[in-house]
Amino acid sequence: MSTQQAALELSPSTQSASPKSSHVVAAAVTPQLRFYDRWSPRWLALPFPLFLLLLWYVAARFEWVAPQVLPSPQAVSQTFIDLVASGEMFDNLKISLLRVLLGFGVGLVGGLLLGVAMGLSPVFKDYVYPLFKAFSQVPVLGWLPLLMLLVGIDEALKIILISKAALVPIALNTYKGIENVPARYVEVARVLKFSRWQLLWRVIFPAALPPIWNGVRYGFTHAWLALVVVELLASSEGLGYMIVFGRQLFQLDVVMAAVVVVGVVGYTLDQVLARIEVVLLGWRRSGF
Amino acid sequence: MSFLHPEDKHPVPKVLRGWVLPVLLLALWWLAARFHWTNSPLLVPVDKVWDTAVEQVRSGELWIALEASLRRDLIGFAIGVSGGLAFGIAFGLSRLFERMIGPTFHTLKQISLFAWIPLLSVWFGLGDAAKVAFLSLAAFFPVVLNTFEGIRSVPGELIEAARVLKFNRRQWLFKLILPAASPSILAGIHLALIYAWLATLGAEYLLVSGKGIGNTMIDGRELFLMDLVIFGVIVVGFVGFALNWLAARLERRLLAWRGRSVAQF
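Here the protein sequences line up with chains A and B, keeping their order. In terms of the numbering used here, the first sequence opens at residue 1 and continues consecutively. In terms of the numbering used here, the second sequence opens at residue 1 and continues consecutively.
Heads up, some of the hints might be wrong.
As the list claims (entries may be wrong) - When the alpha-carbon atoms are kept at most 27 Å apart in a straight line, the in silico DSS-like pairs for lysine-lysine are as follows: (1) A:133 - B:166; (2) B:175 - B:48; (3) A:133 - B:175; (4) A:94 - B:109; (5) B:109 - A:125.
Stated by the list, open to error - If you want the footprint, here are the derived chain B segments under chain A, 3+ residues with CB under 8 Å: (6) 14-21; (7) 63-69; (8) 74-87; (9) 99-106; (10) 191-201; (11) 207-220.
To be clear, the hints were calculated from the coordinates, so they are not data collected in a lab. Note that the structure is a prediction, hence the values are computed from the model and not measured. In this text, a Cβ means the ideal position worked out from N, Cα and C, and glycines have one as well.
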């Protein structure tokens, strides 16, 4: 249980309450719940976005605001189709994906190594942790001007920043996850006369996996955020560049199309990680 | 993990270990500059950074930039948090509201934060309005999510107890739901503070106008003033640290009433 608590502490924002407890509360909060439950709730989600879309359409149709400021929904969808058909969208997406995967990969390996080392060796932790803390105190954006001076605005800048964004949460969660493995587990392993290797791979890593994986997902979210920022600021290709480029030419339809793709791709990749989590942590279910 | 190393026989005392690496790095930097290991103008001597820092503080440049940044940060933070609280409470209390607005909200949330800036800059101009709007957006999302989570995970037993005690609607909200959800809500506000500070920097880089600590760094980069940039990095780290520390302290004080019994609930 305590590893789960650790995971909760480390990730205040995305942990969802267990469905069971939320249901209980909701039942008590709204007596009308039964009514909505019976009326299949899915369609309830539709009116609001449709209303927004209609408002958008009407506002553009009667030019309440200039089309440069708010292009019509048709213009945006047409631009989107054009960008996909011409392959422009796909080319930029490919570049962005490569960057984020490379940067995230570097950050993942570095973060895991650093986190495991700090978790397993208190002496190493004593030496490195304060510096690591100070280093992570400055957000990615704070390092950006410094790195621009040091390595220029080429690929290296993007990879370094993206990997830094991923490394910090991964290293931190790995370290905390290992540190919070209950001593009881280790005692059991000792009673069973596990070798050191078995202790690591059979006890410590599996027990620390939930918080570690949480860190990995956080790391990816941060990496994706860093990718967009660095492409907005210093790039001549990629999704972020499309956004800046569209903005400069006042082609907001291009901006919106690219923004939508950024959102969808980020969401899809996060869902992939969530699926992997189910596979990786599936064995825990039987225990609870 | 001390059980892996039951006896700590390391020669360096524990308190000093954290200082070893920073001091080594600093010494290396000093030596490299002192003996001109490279001719790059980017390798500025340590004392030059110090001089720049003193100069920035004495001339008041630092305070002007910091004040501009922090003022925007706090205004945007306040707007985002109030909006987020209102929205999150409605979201948490009403199933109907959640089902109607929730999916739209979760879709919008997916959009990478900084991708909003170009759109906001068209809608609000390049000045402070766009920056504040962006900052509020950055603070808004975590507050909504955590408020919602906090309210939805209020234990059902507490709600039953409130029913037995015949709480009226106001008591029910202010004596039960909000206090019970407060740890999660405060965690959301804390997160919002961190995001808002990040967004402050991002807004200053992407909407380059006016003053701010981000602008100071961008200027330093354009003029190849490494000392100014390094000074900026330190200030940014320090402000982030100070905000974080303040938030953590407030959080602890505000939640002190919970004691230990509730924490184990």
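Now for the hints, and whether the structure bears them out:
1. The straight-line distance between the Cα atoms of residue 133 of chain A and residue 166 of chain B is roughly 49 Å, outside the 27 Å bound, and the hint therefore fails.
2. Proximity of residue 175 of chain B to residue 48 of chain B is assessed by CA-CA distance (about 57 Å); at most 27 Å being required, the pair is judged violated.
3. With a C-alpha separation of about 38 Å, the suggested pairing of residue 133 of chain A with residue 175 of chain B is violated against the 27 Å cut-off.
4. Annotation: proposed proximity of residue 94 of chain A to residue 109 of chain B holds, straight-line Cα distance about 23 Å (limit 27 Å).
5. Under the criterion of a C-alpha separation no larger than 27 Å, the hint pairing residue 109 of chain B with residue 125 of chain A is inconsistent with the structure, at around 36 Å.
6. Closer than 8 Å: that is the beta-carbon criterion, and the stretch 14-21 of chain B has 6 residues meeting it against chain A, so the requirement of 3 holds.
7. Coverage of the stretch 63-69 of chain B by chain A is violated. Counting CB-CB distances below 8 Å, 0 residues qualify, and the rule asks for three or more.
8. For the stretch 74-87 of chain B, the stated coverage by chain A is violated: 0 residues have a C-beta nearer than 8 Å to a C-beta of that chain, whereas at least 3 were required.
9. Figure legend: the stretch 99-106 of chain B, annotated as covered by chain A; annotation consistent (6 residues with Cβ-Cβ distances under 8 Å, at least 3 required).
10. With 4 residues carrying a beta carbon less than 8 Å from a beta carbon of chain A, the stretch 191-201 of chain B meets the three-residue requirement, and the given coverage holds.
11. For a cut-off of 8 Å, the count of residues in the stretch 207-220 of chain B with a CB near a CB of chain A stands at 4, and the three-residue condition holds.
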